[in-house]
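Protein chains: 4
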Amino acid sequence: MSSDIKGLNEECGVFGVYNHVQAAHMTYYGLHSLQHRGQEGAGIVVSDGDKLEQSKGHGLVTEVFDESKLAHLPGQKAIGHVRYSTTGDKSYENIQPLLFQSQTNTLSVAHNGNLVNASRLRSALEDEGSIFQTTSDTEVIAHLIRKGGKQPSHKRIKASLKQLEGAFAIVMLHDNQLIAALDPRGMRPLSLGKVGDSYVIASETCAFDVVGADYVRDIQPGEYLVIDENGVNSSYFSEPNDRAICTMEYVYFARPDSQVDGDNIHRTRKQLGKKLAETDPVEADVVTGVPDSSISAAIGFAEASQIPYELGLIKNRYVGRTFIQPSQELRERGVRMKLSPVRKVVEGMRVVIVDDSIVRGTTSRRIVSMLKEAGAKEVHVRITAPPIKHPCFYGIDTSTSSELIAANYSVEETREKIGADSLCYLTSEAMVNVIDRDDESKNQGHCLACFTGNYPTEIYDHSVLPHEKEQSVEHSTS
Amino acid sequence: MSSDIKGLNEECGVFGVYNHVQAAHMTYYGLHSLQHRGQEGAGIVVSDGDKLEQSKGHGLVTEVFDESKLAHLPGQKAIGHVRYSTTGDKSYENIQPLLFQSQTNTLSVAHNGNLVNASRLRSALEDEGSIFQTTSDTEVIAHLIRKGGKQPSHKRIKASLKQLEGAFAIVMLHDNQLIAALDPRGMRPLSLGKVGDSYVIASETCAFDVVGADYVRDIQPGEYLVIDENGVNSSYFSEPNDRAICTMEYVYFARPDSQVDGDNIHRTRKQLGKKLAETDPVEADVVTGVPDSSISAAIGFAEASQIPYELGLIKNRYVGRTFIQPSQELRERGVRMKLSPVRKVVEGMRVVIVDDSIVRGTTSRRIVSMLKEAGAKEVHVRITAPPIKHPCFYGIDTSTSSELIAANYSVEETREKIGADSLCYLTSEAMVNVIDRDDESKNQGHCLACFTGNYPTEIYDHSVLPHEKEQSVEHSTS
Amino acid sequence: MSSDIKGLNEECGVFGVYNHVQAAHMTYYGLHSLQHRGQEGAGIVVSDGDKLEQSKGHGLVTEVFDESKLAHLPGQKAIGHVRYSTTGDKSYENIQPLLFQSQTNTLSVAHNGNLVNASRLRSALEDEGSIFQTTSDTEVIAHLIRKGGKQPSHKRIKASLKQLEGAFAIVMLHDNQLIAALDPRGMRPLSLGKVGDSYVIASETCAFDVVGADYVRDIQPGEYLVIDENGVNSSYFSEPNDRAICTMEYVYFARPDSQVDGDNIHRTRKQLGKKLAETDPVEADVVTGVPDSSISAAIGFAEASQIPYELGLIKNRYVGRTFIQPSQELRERGVRMKLSPVRKVVEGMRVVIVDDSIVRGTTSRRIVSMLKEAGAKEVHVRITAPPIKHPCFYGIDTSTSSELIAANYSVEETREKIGADSLCYLTSEAMVNVIDRDDESKNQGHCLACFTGNYPTEIYDHSVLPHEKEQSVEHSTS
Amino acid sequence: MSSDIKGLNEECGVFGVYNHVQAAHMTYYGLHSLQHRGQEGAGIVVSDGDKLEQSKGHGLVTEVFDESKLAHLPGQKAIGHVRYSTTGDKSYENIQPLLFQSQTNTLSVAHNGNLVNASRLRSALEDEGSIFQTTSDTEVIAHLIRKGGKQPSHKRIKASLKQLEGAFAIVMLHDNQLIAALDPRGMRPLSLGKVGDSYVIASETCAFDVVGADYVRDIQPGEYLVIDENGVNSSYFSEPNDRAICTMEYVYFARPDSQVDGDNIHRTRKQLGKKLAETDPVEADVVTGVPDSSISAAIGFAEASQIPYELGLIKNRYVGRTFIQPSQELRERGVRMKLSPVRKVVEGMRVVIVDDSIVRGTTSRRIVSMLKEAGAKEVHVRITAPPIKHPCFYGIDTSTSSELIAANYSVEETREKIGADSLCYLTSEAMVNVIDRDDESKNQGHCLACFTGNYPTEIYDHSVLPHEKEQSVEHSTS
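Protein chains in written order, with full-length UniProt numbering: chain A, 1 to 478; chain B, 1 to 478; chain C, 1 to 478; chain D, 1 to 478.
Next up, chain A with everything else stripped away, as it sits in the complex (with noise of 0.2 Å):
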């Protein structure tokens, strides 16, 4: 299901580019496959080598940047940043990249992920006299760099990276340097190709293949990678933690295309569904998927339980972002955008619908009622993981507990609620052995704290009272 009408938003993208002529076109060409990671708004930072220079706005990489803003942004080395729609700070100074000149040396960062630790560090830096521009977590981590002044040293940014907290995936350009870093625990994806003579680093691999580039390798947990004349030189800021990456990536936000730690996501999602019409059977006749982050696992579904597969709801590709509502009493009639069924597939029919998630339920409600009314028998819900109980800290704005349906109510409770003759989720422990593929070896670790409370890290930060989480989730991500 589109994030637009979900409330479980991603993140940002990031990516990075180290000598090709034409860097700026490369970056824009990146951010415009990563372009699911973010709608808000997008920039992008060039070195020549001497000085950098930045182009960012509001709104989609093709509103933000035109031929003649490339043409403006000469160089061979850039970093790009995708930046998602909060509900909150949209302010102008939030928009990635983060650029940092001094009379002496310049610095640019663009990061994927959230802090746990970033309003502690900040009201440290701010004691000392730092003063701040940006509502974003971002800017902690180039104060942190700065701090000392001068010149920074790899040394210095490697232990300014460690006093870091939470989830981030950074691609920074300084000194003529592209630096890709990775926190400890892997929690966002961060991989590197190669083009040509040329270096990418991008947070899905679609970004590879759209620029042409071949997949290297994913950028480890703790992992500080610079790219220059000398080639690609790793080193570790950190010990490796236990890996933790987010298990949403492989669900829901990656796009098919993407493979993340080796596997095709599509394939992924495919394999989950399967895997769902193994546990969670129905007698149906027709399967059919929410445009278009579940149509791999719905192919699955139908694949193994040998129902066929059918467009069953059709989405607009025309909402735009200035759409205006129905009224309630047109809403009421059955006006409705962006998702319509398809009257003679469901028909009459048994229908399954397989989605990856339930937000606050107000969709699942919304799409089996609709399914109904044009005359389905019977909708069972299916959804490709376990139920989301808990606020995630590390980069994705689900909604705060209080709105997760699943925080609140029973499954059997939900399914009466949006209306579904019947609902199953995946088991935590059947969707990690899909992702892992029964591989033992591969467990290396997968953050599960939106489904079970487990967060992979102290939340510093957020460490508050239940019901005063509420609040705390409210912090600008990136």
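Just so you know, these hints were derived from the structure itself, not from any lab. Where hints are given, some of them may not hold.
[To be verified] Footprint (simulated), chain C over chain B, 3 or more residues, beta carbon under 8 Å:
#1 97-110
#2 123-135
#3 140-147
[What the hints assert, rightly or not] Calculated lysine-lysine pairs in the DSS-like style (CA-CA distance at most 30 Å, straight line):
#4 A:K372 - A:K315
#5 A:K147 - D:K147
#6 A:K147 - D:K155
#7 C:K315 - D:K274
#8 A:K162 - A:K147
#9 B:K155 - B:K51
#10 B:K69 - A:K315
#11 D:K69 - A:K69
#12 D:K377 - D:K417
Don't be surprised by glycine CBs; every beta carbon is placed ideally from N, CA and C.
With chain A fixed as given, assemble chains B, C and D onto it according to the hints.
Okay, now just chains B, C and D, sitting in the frame of chain A:
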């Protein structure tokens, strides 16, 4: 395959509503669901019983209208239009509905289709002193109606419609009445729906689902429908001719959730895919479709052939209006937008790619080469319609004959040019049988002109020597 | 006083150029110098000998056009138009020049003035089947010309012009010719200039200075000028009537550097100020004008009266289109924009304020009270024209009679209402004598209708009972 | 002569208001009246006692703000800034007021003037780890204040201000207080006004008149003014030095209705014109000024010389931002914008043109030649200030020395270059005497650096070898 990458562009879409307190909003939602029929411009004209108000502009429905614009369109009757993006005359004046105000009455017209005698009619009108403001066929209709002056009667309107040759599905607002008319061969779809006490008219039935209306029936060839306080009054302005509904509406244009002539488009396309699997089977490992229009056919092909259906191609959903094309150099390096292969799905595989048409062949060639670069062992192309060899004069922007690959090369030559391992088209006969569900009685006639060159009408303005035909296609359609 | 704060709005301005390699640029500069005649919209139509291209839009000339738009207007002939901001119909279609394209010929028309029989002509044309796209008088002209169809001859054009009643200064592009025509009473100014081998036509001669052209002569009442490869060909479409050039052009509208009927406007206004100092002297310490239009008259008044001329009122040059009006509360506290008194100049002084007209009286009242609050001991208002008591039907947007303060109150009542210590107007006779430089032979006639109610033409469409007149003024002028 | 055609650009303007229910609106009107001091960008920061909100943007005050933006700026205290258009760094971040938010307090600063030791201070701060977001001097002030961290006290702020060298008129919002401070030489104007229970601070007193406030007094050199619920509290952060108020404020920058140091600008300029008529008389027929800044002086010259004052040059009021410059060819043909001669006024006349400065000489040359082409027999140029020979480091964007005509040529050479029949400047002494009204006691000192090269402060960052000076001037001023 989407129009923006294919060179096969839809005409337009029309919508009308009678007796709804939120007529402008209904039209907005209706047009939005018809957006796939045209993205260049959109307009709405409302009548509050007294006078007509219009609002229109370049771009998508969601870009042209916002809440404040709709608020300035009061009234209980409305018509609307979405216009497709020609390379030709994009002037503001040409955006429909056209509105003609005189001191004693007003008339607004929206038109889908293309007249083949517009040029002749216009010359005659101009010779008699008519002044035209647009280059649109549609204005000819208004001039015919107004000629003779004073208040036009239904008799005069019908006499005017009788003079038109070609394809036209028209909605009009006149004198507090909503009027719908369809050309004598019914070349374009046009349907009547009902929601509460309101009537709606739309180019496709998907618009009914979106606004909560029930499908009543299709407008008949030569029919003239007047909706006013006395309800729906049907008459005919012309003897119906042999019906000749556009086949490409089934194969390519209409939305999968629409039904044309009683048949659901998704189902029809799925059947076309199944038939193709029977008539042109192939040994393969994976079936994939080209998003979005050939997904249904690919599912059908997979089901019939028992080869698994997979997402082998991903379409970037965020391709904007001002997208920057990769330079030649970057394109050669493999930089690509819009469509990406899913490497892990096609690598080492024999892939069947199901599509609905090949126009110039460039996109097909690009897709085949993309899949091969991603590792596909074999690529078999299956097209759910016959080769397109002739230009359309009835409202579809096919390329001129000189650009149509099938007009210049045999199937085998085409296969070689696009680099496929095999290439098969469905025959006209097989296609028509599927569309008619092997029901002889249904076989009222389809327009197959672009496949066969047998145009169902005289083509007047275009009756030129074959080698001159190319130029004559550049009329503005609507 | 500037039009935006006065409620007395200029009509429009026209410009034409023949045989200049940069015809569009010349028109741009020419229109820019005529911008004071209209700020709502601007348009240019060029002819490259083959076809006409147009570009137009809402706003100032510098807002509507940029280098790239001008670059798309190739050709050696051009006409242009600036349009004033009515409260009425601001639709895009009404922006001139209007362009009429038929399959065999094209015609473009730009018009300054207002017809008084447009409504009648239009009704007749509509009764015969003409379709109008705009609410503009100008379109009537085109329909008359095209009526009868085929290629219009000069004979037909002249016959059409003869049917028009009212004020019209017209430029046209037709058949590779630039045509200029002026109504039989010469109510609006229109002049011919020459620069190198090029001819230019403009509403005011200030446009000649800006484009480096030399003034040749004024177009004569009833004259029909055709400029083509044979040079300038003059004829008459009508017997000239008694001339009736608009007096307000001298007093208020024209730019100080223009000359009308051979007389420089600055000089004429200065003489009006001098005459006023003679006919209505007053003991005072300071003379000031209301920027910008009455500065010349104030200088004259000061010179004749030997009272020092000072800047007593400053006009803010940066008042934009979307200026936020102070709330009632702030206005009462003294918050004001646009005009500020120069406190140190008026404090303790007896101030003469020279202005060119009082329309509704609100601005005059505001100025007087502003000066008094700033410490002026006395404020004496001197107006360089008689009281405006009647609406104008020839292209000036005066308020309706009910709003004209002089139509409803005596001079003494008006003085009291605006709070001045004295108020004097120049008499009609004195004003006309100044304008004619006491040269009887020059006294070919001026339109004094807004002062006297003696309209120089029948007023056809407006021939209604006095109490109904108010409504009839709301026609769109150009 | 207006800045856009002269190359002598104003710095900036600041405004502040305390305790007004419509603080943002008041600031809007205040900034609008200061618009002549800067047209590049504008910003407003308001405090509702709790937190600060900002809104800013490129362009004029009326372009940046609309009613809805002001509605989102609630609070009873506000500061605002208009920024001038450099050719240099136009980035959004540099638009003031700058806003610095920490977790415990907020600070907003707007600054008019230029620091001469900004670069040194910045280097030192960066060496200690400060991160700068802008290239503006103003940010240095904030870093000095915040250094040492925690809540800044007035003591710390004053200590910070003491470190600054150069020109600075500052308004700040901090901790619910409105703070104003002026550099120890009082190089820029800054005044205190009162309206009802509200206090206002502004760069020029014209802002007081516009918002209905009464002038209270000027802020004194070295003064530190805190306005809070206890009223106005004055102290000093520095011993006052010899005063050195910018002379060009009197001669050129300030609005005619402002008063600087108690003297009305219009009056002062008129006196300068009179003095010039005494010191450098000439036999002539007509006196004219260059609109808008030298009109007052021209009136004075005319009055003293008994030569009639006329409008000899007309300025086009509609010159927009994106004005298209005539090509070289058109310019040579005489196509000109912005300024036009009034032919009938200057033809055959000996013309005195009064102006306030000659920077590069190009505009003066153009004006002289324009007048001669229009028929002037003689053109005598009179300048109400001495020749400008040295760059300004205190906030005025004079050209570099190499471009200043007076730095490179004698008066006689300059006269020849601009083509005038005579050219005279007022002497420093005469100018200062007029400004001081021959009152010795008033002679507290003026900055005459651009005329004499005697800079009233050390110039630190700019202390370079003369031939290197050119480059050093390109700092961003505010």
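Results for each hint:
1. 97-110: holds (count 5)
2. 123-135: Held - the region 123-135 of chain B has 10 residues with a Cβ nearer than 8 Å to chain C, which meets the minimum of three.
3. 140-147: holds (count 4)
4. A:K372 - A:K315: Within the cut-off at roughly 17 Å; holds.
5. A:K147 - D:K147: 13 Å, holds
6. A:K147 - D:K155: 25 Å, holds
7. C:K315 - D:K274: 24 Å, holds
8. A:K162 - A:K147: Judged against 30 Å, a Cα distance of about 14 Å means the pair holds.
9. B:K155 - B:K51: 23 Å, holds
10. B:K69 - A:K315: Satisfied, since the Cα-Cα distance of roughly 25 Å is no more than 30 Å.
11. D:K69 - A:K69: Distance of about 28 Å is within 30 Å: holds.
12. D:K377 - D:K417: 18 Å, holds
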